[in-house]
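The listed protein sequences derive, respectively, from chains X and W.
First residue of the first sequence: 5, per my numbering; consecutive thereafter.
First residue of the second sequence: 5, per my numbering; consecutive thereafter.
Hints were generated in silico from the structure; no laboratory data involved.
Any given hint could turn out to be false.
No distinction is drawn between identical chains; accordingly, a pair holds when it is met within one copy or between any pair of copies.
[Said to hold, decoys possible] Below, in silico cross-link-like pairs of lysine-lysine (DSSO-like), each with a Cα-Cα straight-line distance of 27 Å or less:
#1 K158 to K48
#2 K70 to K151
#3 K134 to K151
#4 K134 to K246
#5 K161 to K134
#6 K246 to K139
#7 K70 to K48
There are 2 protein chains.
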Amino acid sequence: MTYELYYWPGIQGRGEFVRLALEEAGVPYVDVAKDKSGEEAASKMLLTFMSDPGLPHPPFAPPVLKAGGLLIAQTANILLYLGARHGLAPDDEAGRLWAHQLQLTITDWVVEVHDTHHPLGPTEYYVDQKPEARKRTQLFLQHRLPKYLSYFEKVLKRNPAASGFLVGAALTYADLSLFQMIAGLRYAFPRAMRKLESQFSAVLALHTRVSQQPRIAAYLASPRRIPFNEDGLFRHYPELDK
Amino acid sequence: MTYELYYWPGIQGRGEFVRLALEEAGVPYVDVAKDKSGEEAASKMLLTFMSDPGLPHPPFAPPVLKAGGLLIAQTANILLYLGARHGLAPDDEAGRLWAHQLQLTITDWVVEVHDTHHPLGPTEYYVDQKPEARKRTQLFLQHRLPKYLSYFEKVLKRNPAASGFLVGAALTYADLSLFQMIAGLRYAFPRAMRKLESQFSAVLALHTRVSQQPRIAAYLASPRRIPFNEDGLFRHYPELDK
Chain X
5 MTYELYYWPG IQGRGEFVRL ALEEAGVPYV DVAKDKSGEE AASKMLLTFM
55 SDPGLPHPPF APPVLKAGGL LIAQTANILL YLGARHGLAP DDEAGRLWAH
105 QLQLTITDWV VEVHDTHHPL GPTEYYVDQK PEARKRTQLF LQHRLPKYLS
155 YFEKVLKRNP AASGFLVGAA LTYADLSLFQ MIAGLRYAFP RAMRKLESQF
205 SAVLALHTRV SQQPRIAAYL ASPRRIPFNE DGLFRHYPEL DK
Chain W
5 MTYELYYWPG IQGRGEFVRL ALEEAGVPYV DVAKDKSGEE AASKMLLTFM
55 SDPGLPHPPF APPVLKAGGL LIAQTANILL YLGARHGLAP DDEAGRLWAH
105 QLQLTITDWV VEVHDTHHPL GPTEYYVDQK PEARKRTQLF LQHRLPKYLS
155 YFEKVLKRNP AASGFLVGAA LTYADLSLFQ MIAGLRYAFP RAMRKLESQF
205 SAVLALHTRV SQQPRIAAYL ASPRRIPFNE DGLFRHYPEL DK
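With the rest of the complex left out, here is chain X (with noise of 0.2 Å):
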């Protein structure tokens, strides 16, 4: 069965989480939206998907992961499909609870990110709330991110398995999304990060270990790979990140 990932043409976004776990666990995809002719004519095909009246499952918005005859929505929801499929989330009860738990948190985390250039939310462009962005990134980077990599820091140095990975003693997809995230945030805030980095030597090393994983590091190397603009989820605007 080959996988088909339907999401926003030309950025990263929250279906990037969802790259990553399909690349790691090497399993055939088609990204869908990247197979056509243009980002136009790619976002159009993706709304037309997504609003086909014949659809027992609407999703509410992408990543769709097509596998077989199931359409998977949510990015937290997909992940805890591959991850008991390909090897990248525990066997037992207690530890697939606990790496889905670990992605919901970074479902928050990601929202929050998402806020910081859309604080009044996604109707309008960041431009019409520039004023907004400031004062909310401002609070994020001040009290909210090193609260983040403050719980992750800990969830690793308490990993009873002391793996260097979140859930016990391999790699999960909660790792890939951590993995994501601190990319994300270097891109979209380089300077808070290098003030910040220095505290989180685990978080880090966890990001550097992922990035060297034999698929993950072929696949950030590869034209699959899209680069950070400021059409995604992590944006950098130098005026926001003082």
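Use these hints to put chain W onto chain X, whose structure you have.
Just chain W now, with coordinates in the frame of chain X:
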């Protein structure tokens, strides 16, 4: 086994989605914060519990469910666990993923409701972000609220089982959570909801039906149901509901 729910005292908040599932399941549970004398002591106890350095799986935030030796956090993760155990989710994988997908969409909706009164994030009080809250709420009521309501209306109408529930033939935790969204939104935004509601008859019918489930009806009439208030997720600020 008696479940233990750890959540902030004095508010429904995210804990309420868990309480509704425990009540409908008819299982014994202790709402730990409520069994203490006074909110201050209860909050302190909750923080002490969560920051115990002996916890191998520390939670980032409440609610937390203690289920025997398991400690589970993140609302949707707790519901995933309870749903599988107590007949509040389908038995088959496709149905379980679909229910969870809907729950995660409600999770996103919850964040957007929260951000109407906290557009600059959770660090500062509502009184310190009133102008921004007014802007965000206006966009929420105009664009996002109808979008979410339309989505769940569509899901209810498309359910191949035509049961009036969201997933398959029987009630799931996703139905309980959608009930809570409508109850909360009616409390927070009575004017806006009055204007919109009539367009979403399937959603309203579900709300009524859930409220009439015998165990839910008993719960709602009991002192265990904490009234909505302005410390929780759904807050009624008349200046926002215009």
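So, going through the hints one by one against the coordinates:
{"no.": "1", "hint": "K158 to K48", "in the structure": "between (43 Å within a copy, 21 Å between copies)"}
{"no.": "2", "hint": "K70 to K151", "in the structure": "between (35 Å within a copy, 24 Å between copies)"}
{"no.": "3", "hint": "K134 to K151", "in the structure": "both (24 Å within a copy, 25 Å between copies)"}
{"no.": "4", "hint": "K134 to K246", "in the structure": "both (14 Å within a copy, 25 Å between copies)"}
{"no.": "5", "hint": "K161 to K134", "in the structure": "neither (38 Å within a copy, 40 Å between copies)"}
{"no.": "6", "hint": "K246 to K139", "in the structure": "both (12 Å within a copy, 25 Å between copies)"}
{"no.": "7", "hint": "K70 to K48", "in the structure": "within (18 Å within a copy, 46 Å between copies)"}
In summary, the one numbered hint that this structure violates is 5.
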